[in-house]
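So you can see what is in the structure, the chains are spelled out below.
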Amino acid sequence: MEDYMKPTPLKTKYFTPGVIVIFAFATVGILFLLARLIFGLGAVTNLSNQYPWGIWIGIDVAAGVALAAGGFTTAALGHIMHKEEYHVIVRPALLTALLGYTFVAFSVAMDLGRWYYIWHPLIMWNGNSVLFEVGMCVMAYLTVLYIEFIPIVTERFIGRVNLPGFLSALNKPVDSLLRILDKTLDKTMFIFIIAGVVLSCLHQSSLGTLMVIAGPKMHPLWQTPILPLLFLLSAISVGFPMVIFESLITSKSFGLKPELKVLSNLGTMVAPLLGIYLAFKLGDMVIRQTFVYLNEFSVESVLFLIEIFFGIIIPLRIFLSPKLTKTRAGLFIGSALVIFGVLLNRINNFIIAYNPPYKFAAYFPSIGEILVTLGFVALEILLFRAFVMIFPIVSVPQPVASKTKFFIRGK
Amino acid sequence: MSKQTRRNFIKTAAVAGSVIAGLPQKAKAAPKNILSDDRMGVLVDTTVCVGCRKCEWACKTAHNMPTPPLETYDNRDVMKKMRRPDHTSLTVVNEYEFDDYPKFPIDVKVQCMHCDHPACVSACIVGAFSKEENGSVIWDTNKCIGCRYCMVACPFQIPAFEYHKAIQPEIKKCDFCFGRTSKGKLPACVEICPMEALTYGRRKDLIDIARRKIELYPDRYINHIYGETEVGGTAWLYLASRKFEDLQFPKLGNSPAPGVTEAIQHGIFAYFLPPIALYALLGGVMWINKNRKKSEEGEE
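Sequence order for the protein chains is S and X. So the first sequence is numbered by the working numbering: it starts at 22 and just counts up by one. So the second sequence is numbered by the working numbering: it starts at 25 and just counts up by one.
If you're looking for bench data, these hints aren't it; they were derived computationally from the structure. Quantities reported herein were computed from a predicted structural model and do not represent experimental measurements. Quick reminder that beta carbons are idealized off the backbone N, C-alpha and C, glycines included. Some hints here could point you the wrong way.
Once the Cα atoms are required to be at most 16 angstroms apart in a straight line, the calculated EDC-like pairs of lysine to aspartate or glutamate come out as [as the list claims (entries may be wrong)]:
#  : chain 1 : residue 1 : chain 2 : residue 2
1  : S       : K104      : X       : E320
2  : X       : K104      : X       : E121
3  : X       : K105      : X       : E119
4  : X       : K267      : X       : E252
5  : S       : K278      : S       : E267
6  : S       : K104      : X       : E119
7  : X       : K237      : X       : E252
8  : X       : K78       : X       : E95
9  : X       : K228      : X       : D62
10 : X       : K104      : X       : E119
11 : S       : K27       : S       : D196
12 : X       : K317      : S       : E105
13 : X       : K314      : S       : E176
14 : S       : K208      : S       : E106
15 : X       : K228      : X       : D61
16 : X       : K228      : X       : E157
17 : X       : K267      : X       : E119
18 : X       : K207      : X       : E157
19 : X       : K78       : X       : E220
20 : S       : K380      : X       : D110
21 : X       : K317      : S       : E106
22 : X       : K318      : S       : E105
23 : X       : K314      : S       : E267
24 : S       : K34       : S       : E106
Label-pair ranges, simulated between beta-carbon atoms [to be verified]:
#  : chain 1 : residue 1 : chain 2 : residue 2 : range
25 : S       : G39       : X       : P92       : 52 to 62 angstroms
26 : S       : F60       : X       : L94       : 32 to 42 angstroms
27 : S       : W146      : X       : N315      : 36 to 46 angstroms
28 : X       : G203      : S       : L404      : 41 to 51 angstroms
The following block holds chain X by itself, in its conformation from the complex (with noise of 0.2 angstroms):
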């Protein structure tokens, strides 16, 4: 005991801090932004998706989103238009075709790729978005200003906002159905797949498979896992037949969605060293200037 190193001592205050503080509480006060190998992802292959829509039913029912019966989506002609995210539906599937293969055509389900260093976590002024350790970019709406710098953020164009309410609008994107997951169910949208498009797992995991997939079948899929690298990483992981472009996939660079933004800011704020010295030099600009001028006068 004596022997106690100073890692342990801490790793032991913090355990009896966190006991004190109430156990509903560990989960609040986890590191926020730190993230987790065990974080979950889903890996969607595009390949294997019909267009069937039952993912977007599910997930408006999951939210307590007005929607109509689940029959209705049979209806393809929705299709026929490139759709995207907003504040009625979370994840919509766009269909696109293409010359050489008309009779299949490809189906794509969008909705928010939950990145590992997310540009919207990033720039939301009131800290209202944060990623949790279990992989979700989940939105505060006790903190929201509803200022929409998190959708001039995000690289996938993803935050939807409610510009038709005057008071208390939301901003509105997948939560990767932060509520069930955490009871331990699966999110609305994978539980619903009758083609298991979806899979849900650990991220890790989720790789390990998609490459395996890409080994097995390199005839069916291209070699790019979309979301593997991209942004620095994302918890949704997309499997393709064809180029990510020809899918209106954004092309994007490895480095994190928030590039060099948080560089800058803490450059110009480095322990406020900056300011602090700018205001001594003006200051003492200031005093010499003055003095200067009062010697002139004391010698006229």
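Excised from the complex, chain S in its bound form (with noise of 0.2 angstroms):
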């Protein structure tokens, strides 16, 4: 029999060169924060009247919730599409979405002004707000994330409940909820992956419906009622990617053999979903005719031809490659361009794109900010780290040949 994959909590030391500086980013970034808290946002952002969002919006929210498309996209692939042969790939893609998500909320509420008002959109209800409309699904998105979650901690943890001192009392009371949970998930899982689809494709769509209202205010190349259908179909596209990206990272940072073949397959889908992107991209300026904008040498003009040459155009090419896409090289070159495309096109619709009729200076992020959104990846980093070493997530070969019931979720 050949080798047998199986979600394993990976074992190493959690301390590493590398992870210490990672732990002071996310240390610095967590002071600024708590400044941020203290002080206001004036004081540690360079947001003003004429620039209301920044990179905590255009970055760690608009591009955060872009790059966890791995998550839908996979959920889709291995659940919907039953490709098993996917599922190594689905856990590390939806702790990837899950820990995404959870900082992309986190976000949001440190760039309210009343971040402790969060709930409001809860009970005061704007059905004609588009942000209301983000905000609801995101959060429900979120919560079946962490649904979907828990069948990785029950399979961790049943009959392995082993609280310190007097909470140990509860055992028995944890162990039997894991099983309970255990059971009616393994029923029910399916409303919940096909609800995460949905609920993916609703935001990420309106998500780009956002921009639209700022109407004038936003550069021609990139205001065009179409950006609900651009934001989902590049959200579509960078999620292969992000797998693939993260596998080899993963894999890089443990010492582990990359899952090739798995991820070349996966690397196969990209160019006809990249393809259609690119399409819609150029259809679009073609018909509203904003092409001529290229022709005035601009900051504006020259991200867009960056975001589209480098983003999409380049990795299209490599993932076309039949030989480039079996190589380690080519995968990681590849997909890192399109998550820098899709991150780039982000930072483009929210940030560059937006041109207030008065202007005093032009943005530009503060040192708090930058730190800030760095903090947060560096922290979700971390936390990536410390899941993979608990729970079963990433797949190891395992010379034993017993499968658990939980290989397959959501049956």
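Could you use the hints to bring the two separately framed chains together as a complex?
Take a look at the structure:
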């Protein structure tokens, strides 16, 4: 029998020199965040009445949501299309989405002037507001993600609950709770998996509708009524590259052999998705005749071209080549470029394209804003590392072929 | 009585309902966002304004904001720089000089335009903004979560935010003196204006007045009432002697400020049909794939 892959908690030392550097970044980010909470947004950020939204929205939230798209695209592939060979990547993708969205929610809260009112949209509804729709969808999807994660927790701890000290009295009740959860979810998980995909499609597209209301304030290269479609298409096309990218980094960092065959197969699916996205993006440009703006040499036109060339066309070429999609380097560079392209697209849409009529100074993120954003990324990496060491997420080859019922979730 | 029409019945029922609910609530229960023909507005004649900035002082006083004494407003040095309304002043007067008439600079009072179809009302995640029946667009501190999406949405770049407050920072903008006008008083700026550059009245009447002014003094005014049709109409209307772009008014189309977002939004969510259809479709695909897998395994 050939190697059989089973998700297993990874055993290794948590702190390495690299992890300590990342830890330092996280600490600095948290310190600036504390300053923001004590002294107000103005003390830490360069936000102004001209530029009300900065990189905390453009990168932490908008790009964060897009780059967490690996969660719903792999869920659709693994569970809805029922392609079992991809199940080795479903769990890492789920964890990335879970952490990604948790930090999106946290970033939103930290950007709110009145963060302690973040629950208001739950009871104060404005159906006309795109932001309301995005907010509700993200909250619902975050809940779904946590539910989807429960089977991993039950798998890890059923029969192994061992609480320290006086809490050990709770071992039995906790264990039976986990068993009940596991049993119920085993039968109902499909409801949540489909809901997760629907909710993702809804808010990924609505995220694009967000900036449409800025009207003439937004540069015509990006301002289009099909922005929701473009956001959805780009989110779908960045899903698999994100999974490939992470899988390669995780295997490198933990000294594992990358699942090259699965990743290559995943890679072959990227080109058609990128192609559709490119077609709509160029088609929109032709129909609205915004290519005239490419003639002028401006920050906007240059960044738009970089977004298209490096973010779509070059990776499209890489993923179209069967030879390159079989190599680790080809997969890594192609994926990194798609991720870069979508990241830049969200920054462009939310920050570069935003052009208020009355300007005193251009917006550039403050040191505090940049360090908080880096801190969030660092925290996410640290948590990812901790999670894959505690929970069975990353699949490793098993010598014994004992199939657990948890191997395929959501049956 | 037996021939009471349905409409009448509903009317009676509504009146009865509001009486039962208590009269003070009647105003609150009035339909929001329905434009009243009697809604008010202000006509700003920039050819009359002398830039005394008394309106700035009156506005601050009426809103209990700190302000230096009125005499200090005689200093015209502040006019050298373009200013925008912010959390310290809800209205500002800017001055524009032109080479052809250096002796007669043009002064333009800036504040919230109180759109008929405001982008802020449409955008606000918690519905903290509302268009009132009398024309004012006002903000509710009890709902606002400080997301600043209203600022992203506003085509006139008006709402300002208190960035240096950690707790209960507010969105600040002209509220059309809602507190004063609902008691029958004039907006503070209109009341104080010594030149009568500001005229408060029914928006309909103001447009008539503005048209007549343009007709009577074609040399004095350009033939354009700013705010009559811009972004679907605004409560504040402007007359000027030169093109409004020269006075830094944003060039805006005639479609309402929320633009196409509401159409897109309601399209994606029309009766929740698209999400439900997608859910059903995915469910179907999942079921088929699962069964196919099963039958394949069974055959093996």
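Do the hints match the structure? See the list:
A distance of roughly 13 angstroms separates the Cα atoms of S/K104 and X/E320; the hinted pair therefore holds under the 16 angstroms criterion. Straight-line distance between C-alpha atoms of X/K104 and X/E121 comes to about 10 angstroms, which keeps the hinted pair within the 16 angstroms bound. Restraint check for X/K105 and X/E119: the C-alpha separation of about 8 angstroms stays at or below 16 angstroms, so the hint holds. Annotation: proposed proximity of X/K267 to X/E252 holds, straight-line Cα distance about 15 angstroms (limit 16 angstroms).
Of the pairs offered as hints, the one joining S/K278 and S/E267 holds, with about 13 angstroms between alpha carbons and a cut-off of 16 angstroms not exceeded. A threshold of 16 angstroms between alpha carbons decides the hint, and for S/K104 with X/E119 the separation of about 68 angstroms lies outside it, so the pair is violated. Straight-line distance between C-alpha atoms of X/K237 and X/E252 comes to about 15 angstroms, which keeps the hinted pair within the 16 angstroms bound. Our distance criterion of 16 angstroms between C-alpha atoms is met by X/K78 and X/E95, whose separation comes to about 9 angstroms.
Using a Cα cut-off of 16 angstroms, the hinted pair X/K228 and X/D62 holds, with the two alpha carbons roughly 8 angstroms apart. Of the supplied pair hints, the one linking X/K104 and X/E119 holds, its CA atoms being roughly 7 angstroms apart against a limit of 16 angstroms. For the hint linking S/K27 to S/D196, the alpha-carbon distance of about 23 angstroms lies beyond 16 angstroms, and the restraint is violated. As the CA atoms of X/K317 and S/E105 are separated by approximately 10 angstroms, the hinted pair is consistent with the 16 angstroms bound.
A threshold of 16 angstroms between alpha carbons decides the hint, and for X/K314 with S/E176 the separation of about 23 angstroms lies outside it, so the pair is violated. Restraint check for S/K208 and S/E106: not satisfied, since their Cα atoms lie roughly 22 angstroms apart, outside the 16 angstroms limit. With a C-alpha separation of about 8 angstroms, the suggested pair X/K228 and X/D61 falls inside the 16 angstroms cut-off, and the hint holds. About 14 angstroms separates the Cα atoms of X/K228 and X/E157, which keeps this hinted pair within 16 angstroms; it holds.
With a CA separation close to 15 angstroms, the supplied pair X/K267 and X/E119 stays within the 16 angstroms bound. Restraint check: the Cα-Cα separation between X/K207 and X/E157 comes to about 14 angstroms, which is no more than 16 angstroms; the hinted pair holds. Of the pairs offered as hints, the one joining X/K78 and X/E220 holds, with about 12 angstroms between alpha carbons and a cut-off of 16 angstroms not exceeded. As the CA atoms of S/K380 and X/D110 are separated by approximately 13 angstroms, the hinted pair is consistent with the 16 angstroms bound.
A distance of roughly 12 angstroms separates the Cα atoms of X/K317 and S/E106; the hinted pair therefore holds under the 16 angstroms criterion. A distance of roughly 12 angstroms separates the Cα atoms of X/K318 and S/E105; the hinted pair therefore holds under the 16 angstroms criterion. Proposed proximity of X/K314 and S/E267 is contradicted: the alpha carbons are some 28 angstroms apart, above 16 angstroms. Restraint check for S/K34 and S/E106: the C-alpha separation of about 30 angstroms exceeds 16 angstroms, so the hint is violated.
A hinted range of 52 to 62 angstroms for the beta carbons of S/G39 and X/P92 is consistent with their spacing of about 57 angstroms. For S/F60 paired with X/L94, a C-beta distance near 34 angstroms keeps the hint of 32 to 42 angstroms intact. Between S/W146 and X/N315 the beta carbons are some 40 angstroms apart, a value that agrees with the proposed interval 36 to 46 angstroms. Under the hint 41 to 51 angstroms, the C-beta atoms of X/G203 and S/L404, about 49 angstroms apart, fit the expected range.
The earlier numbered hints that this structure contradicts are 6, 11, 13, 14, 23 and 24.
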